[in-house]
Amino acid sequence: MTKLLEVNDLRKYFPIQKGIFQRTIGYVKAVDGISFDVQRGETLGLVGESGCGKTTAGRCLLRLIPPTSGSFIFGEEQVDLAKLSQQELRPFRKRIQMIFQDPHASLNPRMTVGDIVGEPMRVNKTETGSALQDKIVELLESVGLRSQDTRRYPHAFSGGQRQRIGIARALALQPELIVADEPVSALDVSVQAQILNLLAELREKFQLSYIFIAHDLSVVEHISDRVAVMYLGKIVEISDAETLYQSPKHPYTEALISAVPLPDPSEQRKREHIRLEGDVPDPSQPPAGCYFHPRCRYATDICKQETPELRQVAEGVQVACHHSDTLDLQGV
Amino acid sequence: MASTGKTSDKTPLLEISGLKTIFPTDDGIVHAVNDVSFSIARGQTVGVVGESGCGKSITGLSMLQLVPSPGRIEAGEILFYRSTDDEPLDIAQVSPKSELMRQIRGNEIAIIFQEPMTSLNPVYTVGDQIAEAIVLHQQVDKKTARERAIEMIARVGIPAPAQRVDEYPHQLSGGMRQRIMIAMALCCSPTLLIADEPTTALDVTIQAQVLGLMQELQAEMGMAIMLITHDLGVIADLADEVVVMYSGRVVERGSVDDIFYNPLHPYTQGLLRSIPVLGRTPQKTLPSIPGTVPHPLALPAGCSFGPRCPERMPECNQMPELLSINSKTENDGHPVRCWLHTDSEG
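Line by line, the protein sequences give chains A and B. The numbering of the first sequence is the working numbering, which starts it at 1 and goes up by one. The numbering of the second sequence is the working numbering, which starts it at 1 and goes up by one.
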């Protein structure tokens, strides 16, 4: 496998401004130095609770918001997307696309489905005329919609179908990487499975790579090859999906897995439940040392003082915890 | 601890039978709740599960006479046993604005909603909002009510309750707001708590806290819980009995073990198969249910699940009854609304 994207030390700080002069009095470190890579054809899951910075990270990668610092080395050309000007970035925009969470808000209600799916191709002048129409139909069919749907408007479709339209639009420019931000969390259970299957099928068909951002651990496990767990703007653990879920190395990962109720009553009765105390701290005033230490049941003195670095503990397993070598944590 | 056959040895608290709640619209009548029957025993947790639009929330609102206009309860009974020896009261017959209904609402049957931010009033302190219910339902003065509010805030596990009582909802996190909602719902010791998607807006670790809290308070105060959710994991965690709804109707009902280990209705089976389960070797393809939930104004003839059903047969053009496979009555432990399970004698 070849590397498609390498993210190094990505940071996004939002200033907190106050007073009539809008003086900056502090920063919310939404993304605080994360590094990971995505291989071609791979799905990397980015999981964490609300406010952990997973969506901000995804938006920075697409340069929808400017990152504070960091580099994203993309493609065979090894171009650093973070350094390019908007003009220079244009050819690369085609190659990274996004699927949004809310299928009701992300489609223009005044445009027909054909226009929505065709717009990226018209803007980028990749197809014109009847070739464009053919391509639109082909895209709609590949996501399970029909050719006659091109003339209808988004309101005529259900949530799951709208999400299919959003996916068709993301595929229109034949991207190499798709950032999918909570693509199934607004959908009903029975429809969620259809969309997950579709995403998996399209990945094979078009050799796509995904960055799959979600809060639902079971969904992430299902679709991802590797998973990165984020907490307060940092990656606390990253490893292949099976290892992460079977033998987590970070206490936060362990607690997250334990908190997911299993749809299996007797299993659920037998499980030991780890209940984290308290809430995620305010990201503008993170605790000293390891950000997780106030809620961690294994925390010792060193955790209160020193911030653990993300380090390799085994082949393909990186974790940011002082005690990861000595802890024996529970998986699923 | 959930176990089968729990219903029989418990006294009933609420019995719903043949409940129909309709919404007249310009395009026709929406049968949001269509012939729904189930019962809740004292101290029991009944999970109502289904996808959006299946009528699970409207069932909950009907029980409190809170169906939003133009909706109304058209038929059916909601028998509420206010005390163990009295005759039951039929809530379906009580006027929504009557004094009697006000006494029941919040006092004997309380409800918590999904979105804690929109269900709390942003211009009152949380203490005032909890105390309001206490002053309304219990004959106490404001000072005592405030003390009880602080007590309740402490009981739902919020640190520094004496300070929190004077804070406004925006000063609290989502998890804490939901705890305040629970405090408000439980401050009058209701016998039934309706929890409508209580943890859907919360993160998993906070969800675990809130679900744990609900279980603890139930053990302590002994109220019954009607838990409305689409999350089968939450159901497996909390419920004793499960009601599965689809397109306004109950399609299957049974103990939590019956529903999870011996699901009879193709919809229940499909639902259980289609969710990714943590730690089960991920399959390449999830067995999904084809199609989508039908529009409530364009329900298919016969069984509403028919067009999506893998077991479809000619009988499905007629609506099956909710029947138990063995006793052929509805009141046995595990009734199901499917032609597959009604054919033993032809």
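Don't take every hint at face value.
[What the hints assert, rightly or not] With a Cα cut of at most 20 Å, we get these calculated SDA-like pairs of lysine to any residue: (1) B/10 x B/307; (2) A/270 x B/213; (3) A/270 x B/277; (4) B/284 x A/270.
If you are wondering where the hints come from, they were derived from the structure by calculation, not from laboratory data.
Hint check results:
1. Pair hint residue 10 of chain B plus residue 307 of chain B does not hold up; C-alpha atoms about 39 Å apart against a cutoff of 20 Å.
2. Taking the CA atoms of residue 270 of chain A and residue 213 of chain B, the gap is about 18 Å. The hint holds against a cut of 20 Å.
3. A C-alpha spacing of about 16 Å is found between residue 270 of chain A and residue 277 of chain B, which places the hinted pair at or below 20 Å, so the restraint holds.
4. Under the criterion of a C-alpha separation no larger than 20 Å, the hint pairing residue 284 of chain B with residue 270 of chain A is inconsistent with the structure, at around 28 Å.
Hint compliance for this structure: hints 1, 4 are broken, all remaining hints hold.
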